[in-house]
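**Student:** So the chains spell out like this:
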Amino acid sequence: MRRTLLTIVAILVVIAGAVALWFLSAPGPLSFAGGNKVALASYKDGKPTGVPAELQQASIEKRGEYLAQAADCMVCHTAPGGKEYTGGFAFKLPFGTLYSTNITPDKETGIGNYSDAEFLAAMHRGVRRDGARLYPAMPYNSYTYVTDEDALAIKAYLFSLPPVKAPARTNTLAFPFNQRWGMAFWSAFFNEDVRFQPVADKSADWNRGAYLAEALAHCGDCHTPRNLAFALDNRKKFAGTVSAGWYAYNITTDKGAGIGAWTDEALLSYLSTGHAPGHGTASGPMGEAVDHSFSKLAASDVRALVAYLRSVPAKPSSDLPSTLAGVAATSHRQGPDNGRGKQIFAGACASCHDWSGVSAITPTATLTGARAVNDPGGTNVVQVILTGMQRPNGLVSMPSFGSIYSDADVAALANYVTARFGSKGSTLTAKDVAKLRQQTAQ
Amino acid sequence: MATLKINGETKNFEATPDTPLLWVLRDVIGMTGTKFGCGIAQCGACTVHVDGKPVRSCLLPVSAVGDRSVTTIEGIGATPAGAAVQKAWLELEVIQCGYCQSGQIMSAAALLATTPNPDDSDINAAMAGNICRCGTYVRIRDAIKRAAGNAA
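Protein chains in written order, with our numbering: chain A, 1 to 442; chain B, 443 to 594.
I should point out that these hints are in silico values taken from the structure, not numbers from a laboratory. Every residue, glycine too, gets a C-beta built ideally from N, C-alpha and C. Be aware that one or more of the hints could be misleading.
[Claimed, not checked] Here are the computed lysine to any residue pairs in the SDA-like style, where the Cα-Cα straight-line distance is at most 25 Å:
| id | chain 1 | residue 1 | chain 2 | residue 2 |
| --- | --- | --- | --- | --- |
| 1 | B | Lys587 | A | Ala41 |
| 2 | B | Lys587 | B | Gln538 |
| 3 | B | Lys495 | A | Ala350 |
| 4 | A | Lys296 | B | Thr458 |
| 5 | B | Lys495 | A | Gly394 |
| 6 | A | Lys296 | B | Gln538 |
| 7 | B | Lys495 | A | Gly335 |
| 8 | B | Lys453 | A | Ala360 |
| 9 | B | Lys495 | A | Pro336 |
| 10 | A | Lys315 | A | Thr7 |
| 11 | B | Lys447 | A | Ala360 |
| 12 | B | Lys495 | A | Asp337 |
| 13 | B | Lys495 | A | Pro399 |
[What the hints assert, rightly or not] These stretches of chain A come out as covered by chain B in the derived footprint (C-beta under 8 Å, 3 or more residues):
| id | segment |
| --- | --- |
| 14 | 5-12 |
| 15 | 345-352 |
Put together the whole structure using the sequences plus the hints.
**Tutor:** Below is the structure:
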């Protein structure tokens with residue numbers, strides 16, 4: 001009896017050790033690059049951190065504004081329809097809902113009392129002014145790479161905003177996830193707590209792109225799958241995953257599932273305008289990233305991001321077809337017919353998207369070539385139908401259909417759209433749509 | 443100063459490039475036969491033809507038209523399909539309040555130009571995006587079939 005018990009304990013210890021080792025040996029976001037990391041001051045080819053040349057002489061608040069946009073702080077720190085930077089945006093997690101907080105300089109409900117050191121502790125280590133641990137929905141595991149100089153410029157910008165009184169909403173996390181101290185262990189495993197170090201033998205563009213992508217834009221927080229502990233699994237860096245109800249697609253250099261087959265022009269256009277001919281239009285969280293972050297970046301910085309993305313090792317996605325469907329038939333008679341889905345498409349969609357998928361109104365409404373319609377999961381097609389799509393520059397304006405069509409209708413429509421315009425149709429049910437609706441509801 | 447080819451005539455106008463074609467037609471050039479309904483391409487009242495294809499003019503930026511030719515309700519009677527549709531519309535007295543009807547006629551004429559003998563599924567696919575609050579759908583369907591017969 002005792003022997004069996006000992007054996008069980010021994011097995012458990014070995015398993016725990018293996019798990020710990022697996023986590024501890026997990027690669028960091030830049031491990032793939034290899035090379036010789038050097039201190040910023042020793043990198044010979046310019047300065048990969050900070051702001052682009054044209055802003056070097058600007059005030060600290062201006063520089064901070066640029067960096068805050070590059071880090072996309074505002075989108076998560078603003079509730080839909082709420083005042084900018086006042087928090088209240090809901091993160092729906094499998095174990096409850098987490099709300100972002102007010103980062104205007106209000107002394108009572110914002111960050112007005114934060115000293116420089118306290119601000120850096122939050123950015124780099126996920127530690128709040130009162131010593132409590134932040135949840136990694138605040139991507140401090142990425143912001144940890146931001147230099148002190150840049151982080152404090154962001155602070156100076158935030159402190160230049162009008163203070164707004166906006167108390168934090170109460171999180172609804174279940175036990176044990178409501179125990180903030182637990183995040184200390186998470187951080188010990190998964191937050192490197194080091195500042196960005198350039199790779200000596202890589203170009204200035206690559207290093208700048210790496211700093212932008214990993215420290216500021218935190219691309220991996222949506223595009224890299226997470227492990228069991230909800231930390232980024234950089235063994236599958238940028239290989240794509242569903243997060244917050246949207247599929248953040250594979251952005252590795254894989255030619256089929258990723259962006260390996262995109263031209264530089266297409267990538268530049270997609271990042272800076274949210275659309276590239278033949279690749280569809282960014283929507284959902286990526287649309288927001290374009291609107292509030294990438295579209296505001298200097299052209300040199302977008303080029304640097306593209307140079308960096310080009311170096312990320314290819315990873316396949318078994319759930320995505322490697323060939324995208326071409327232009328669909330111009331007649332409704334050819335192609336699939338699933339009854340209700342086709343009926344809705346004829347009434348609500350064909351006038352813009354055309355039966356062929358090539359819009360006669362605007363290239364941004366062309367479905368041909370878009371990854372979303374070539375995803376047999378249909379996730380993002382459902383979300384776009386539910387929420388519509390708006391670009392602040394007025395170039396895109398799709399109404400939302402979430403409140404006029406039932407879950408069954410939306411499922412039928414998404415199944416029709418993916419079958420007609422993609423290489424493999426989705427098989428969504430009303431239940432799937434209900435789940436997706438729930439994940440993006442605020 | 444920009445130009446558009448509308449119903450075979452060249453029209454000069456001034457508008458910012460992102461102005462939707464519908465506003466140029468109605469407010470700048472003064473051709474008010476084309477109607478504003480929803481403004482989000484969901485009702486069909488603003489349908490015009492661009493190079494013969496039905497397009498919702500409320501969302502189409504005028505700069506995207508380029509040198510393609512625009513046909514509106516004022517000019518559709520000059521095409522064989524358009525003339526047949528208008529004749530059938532009068533014979534069956536399709537119109538009730540009439541607000542959506544220029545769009546209905548434009549969509550029907552585009553359908554008959556490519557599909558001379560449409561069946562119900564063709565009519566559904568082509569006309570589903572044109573909404574009629576008076577519910578004249580049954581007469582619209584009949585008139586399209588009659589126009590197909592007349593045109594043949």
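**Student:** Decide if the proposed pair is consistent with the structure: A/Lys315 and A/Thr7, CA atoms, cutoff 25 Å inclusive.
**Tutor:** It is violated: about 39 Å lies between the C-alpha atoms, which goes past 25 Å.
**Student:** Under the criterion that the straight-line Cα-Cα distance not exceed 25 Å, is the pair B/Lys495, A/Pro336 satisfied?
**Tutor:** Roughly 23 Å separates the two Cα atoms, so the pair holds.
**Student:** Hinted pair, alpha-carbon criterion (25 Å max): B/Lys495, A/Gly394. Please report holds or violated.
**Tutor:** Holds, at about 24 Å.
**Student:** Check the hint pairing B/Lys495 with A/Ala350 against an upper bound of 25 Å on the C-alpha distance.
**Tutor:** Judged against 25 Å, a Cα distance of about 12 Å means the pair holds.
**Student:** Within a Cα-Cα threshold of 25 Å, do A/Lys296 and B/Thr458 meet the stated pairing?
**Tutor:** holds, 23 Å
**Student:** Are B/Lys587 and A/Ala41 close enough, with their CA atoms no more than 25 Å apart?
**Tutor:** Between B/Lys587 and A/Ala41 the Cα gap is close to 79 Å, so the pair fails against 25 Å, i.e. violated.
**Student:** For the pair supplied as a hint, B/Lys447 and A/Ala360, is the alpha-carbon distance within the 25 Å limit?
**Tutor:** Within the cut-off at roughly 17 Å; holds.
**Student:** Do three or more residues of the segment 5-12 of chain A come closer than 8 Å to chain B, measuring C-beta to C-beta?
**Tutor:** violated (count 0)
**Student:** Mind checking the alpha carbons of B/Lys495 and A/Asp337 for me, to see if they're no more than 25 Å apart?
**Tutor:** Holds - the C-alpha atoms of A/Asp337 and B/Lys495 are around 23 Å apart, at most 25 Å.
**Student:** Run the distance test for B/Lys453 versus A/Ala360: straight-line Cα separation, threshold 25 Å.
**Tutor:** holds, 22 Å
**Student:** Within the segment 345-352 of chain A, is the number of residues with a Cβ closer than 8 Å to a Cβ of chain B three or more?
**Tutor:** Satisfied; 6 residues make the cut.
**Student:** Within a Cα-Cα threshold of 25 Å, do B/Lys495 and A/Gly335 meet the stated pairing?
**Tutor:** holds, 20 Å
Comparing the model with each numbered hint stated earlier shows that hints 1, 6, 10, 14 do not hold.
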